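With chain A's structure known, arrange chain B on it following the hints.
These are the residues of each chain, in order.
There are 2 protein chains.
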Amino acid sequence: LELLGTVKVSTKAQRGPDAVIERIARCVRDAVDEADLSLKEIRGVGIGAPGAVDGDAGNVIFAPNLDWHDVALKKQLEKALGLPVFVENDGNIAALGVYVTELKSKPRHMLGIFVGTGIGGGLVVGGELYSGFGHTAGEIGHMVLEMDGPKCGCGNKGCFEALASRTAMFQRIKTAIKEGQKTLLTEMLDDLEKMRSGDLRKAFRRGDKLVEGVVEDAAQYLGVGVANLVNILNPQVVVLGGGVMEALADEMLSIIVETAKDYAMPGAMNGVEIVVSSLGDNAGITGGAVLAKRMTK
Amino acid sequence: LELLGTVKVSTKAQRGPDAVIERIARCVRDAVDEADLSLKEIRGVGIGAPGAVDGDAGNVIFAPNLDWHDVALKKQLEKALGLPVFVENDGNIAALGVYVTELKSKPRHMLGIFVGTGIGGGLVVGGELYSGFGHTAGEIGHMVLEMDGPKCGCGNKGCFEALASRTAMFQRIKTAIKEGQKTLLTEMLDDLEKMRSGDLRKAFRRGDKLVEGVVEDAAQYLGVGVANLVNILNPQVVVLGGGVMEALADEMLSIIVETAKDYAMPGAMNGVEIVVSSLGDNAGITGGAVLAKRMTK
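Protein sequences, first through last, are from chains A and B.
Taking the numbering used here, the leading residue of the first sequence gets 770, the next gets one more, and so forth.
Taking the numbering used here, the leading residue of the second sequence gets 770, the next gets one more, and so forth.
With the rest of the complex left out, here is chain A (with noise of 0.2 Å):
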């Protein structure tokens, strides 16, 4: 696999799954040029879905950051772009990804763990991507940690993403402003909603102890998350990928190891390597081509 050109277009979800993908479909005819190709010598198309996915059919059944309920999102794609699409839930897909291309060792079992916007997961077993009975296994972002926890997009209280996932930490820091807390943050930017990873890295570096708060408090999270989920699933290897990892993992990543060794059952742990994808945000558009690859051959 090789990476030909890379266009990113925001989602604007509030204006309803029908503009959404029409921004996808622009998407791929604009990413498509910038790898100086056209679209006829494209074989498919490979998309990770952030929700539960009805694999064969393509449809998105639930997708609470979205607020998308039963879209017909490969139907739909393939109408505007004359191409095959293959949709795969996003947590599953990035870790194809990672499988795929990056782990040189193929382990048998190995989780993905993909924090961003939300959480999202994806399980290797005995070599290949384990997708459940019915195409929604890997939904680790809505594991519960805390029922009396936060609010999360689900509807639910303390799940694993209204924790310790971007918008959590954004969350978090916006109350505590709110409350007057002092930050960094409010001098870095003119407008708190376009808040990024990065900035977080960036006020973390320059001593925020706000921002140190929450990320690292997060990181404790995302250690009992591990820890659940290598207790449940004993993989070889946790791959921890997305944009907060890209930005965050040196800040992060011990937090997180230390907490899952002092979460997990003794003897879980044991030769389980927790690493870092470096595909960054791209693990998603990665497995993506590695699906869309593998489904026209």
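I should point out that these hints are in silico values taken from the structure, not numbers from a laboratory.
One or more hints might be untrue.
Pairs count within a copy or across copies, as identical chains cannot be separated in the list.
[What the hints assert, rightly or not] EDC-like mimics (lysine to aspartate or glutamate), calculated; alpha carbons at most 20 Å apart, straight line: (1) Lys873 - Asp787; (2) Lys926 - Asp960; (3) Lys926 - Asp986; (4) Lys963 - Asp805; (5) Lys1030 - Asp823; (6) Lys971 - Glu985; (7) Lys777 - Asp959; (8) Lys926 - Asp1031; (9) Lys926 - Asp959.
The structure displayed is predicted, hence computed values, not measured ones.
Below, chain B without anything else, positioned relative to chain A:
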């Protein structure tokens, strides 16, 4: 497989591993006698241990409810009995027993949840017992559900089994009685330490409000635990077993199922069956027989 005879001996964990292993050996000898057989006619012994097990060596790495650390169970028991002994985690072995002898449909992916003194889990993936990289998979009892929850035998707080096992229910009842709450259990039993799951069923059916509340709360936590695991694993069948389910399935099952549906991501529970094992407390010994048979043929 045919059950020829059973014998049950209390663990007496406080006497230490050597004494417990002596008791296990006595239990095996008595069970063989009960079945009108002699030790010479036995090909092998299968055993489920409540904790992390190094399957090949047969060492129990850690069993919090016994306070065992690195106990050479296989080696010591083989010496005591003069027979080959095979050790697995108790949740794994119970899942194997249920899958092989009870589930006629042979689903590709099955999750077993066994609720007793602790909570054990066992996972069948693609028709095979999944034990992970280092044989420790399935430790679902130590999945943290409530980070500031009650203390668990493992040292953490708010583990699944600290919220929903028989031990957790008994603990809540004992605390409530100390705080002056009324319950039929104090009339029914002269020694609360001798309380069993069946006593909870009797008190529940006689309208005991305290027991009703405790059992229903535990059922809710079980439902949240099931939802977490279905979100992560999306198995085709979830089997609930163990002594607590054997005694209290009528009281707990509908709450477990409703809570699991409520907490699981939309789509994740589609077509997923939640069933109660009819093997009850015999799931473990059935799996032990399956394991010994497989390993000695």
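Hints versus structure:
1. Lys873 - Asp787: Answer is neither: 39 Å inside a copy and 45 Å across each miss the 20 Å cutoff.
2. Lys926 - Asp960: Result: close neither inside a copy nor across copies, 28 Å intra and 39 Å inter.
3. Lys926 - Asp986: both (17 Å within a copy, 17 Å between copies)
4. Lys963 - Asp805: Intra 31 Å, inter 77 Å, cutoff 20 Å: neither.
5. Lys1030 - Asp823: Between. Shortest inter-copy distance 18 Å satisfies the 20 Å Cα cut-off; intra-copy 35 Å does not.
6. Lys971 - Glu985: For Lys971 and Glu985, only the intra-copy Cα distance (15 Å) is at most 20 Å; the inter-copy one is 48 Å.
7. Lys777 - Asp959: So Lys777 and Asp959 fail the 20 Å test inside a copy (23 Å) and across (71 Å) alike.
8. Lys926 - Asp1031: between (24 Å within a copy, 12 Å between copies)
9. Lys926 - Asp959: For Lys926 and Asp959, neither the intra-copy (31 Å) nor the inter-copy (41 Å) Cα distance is at most 20 Å.
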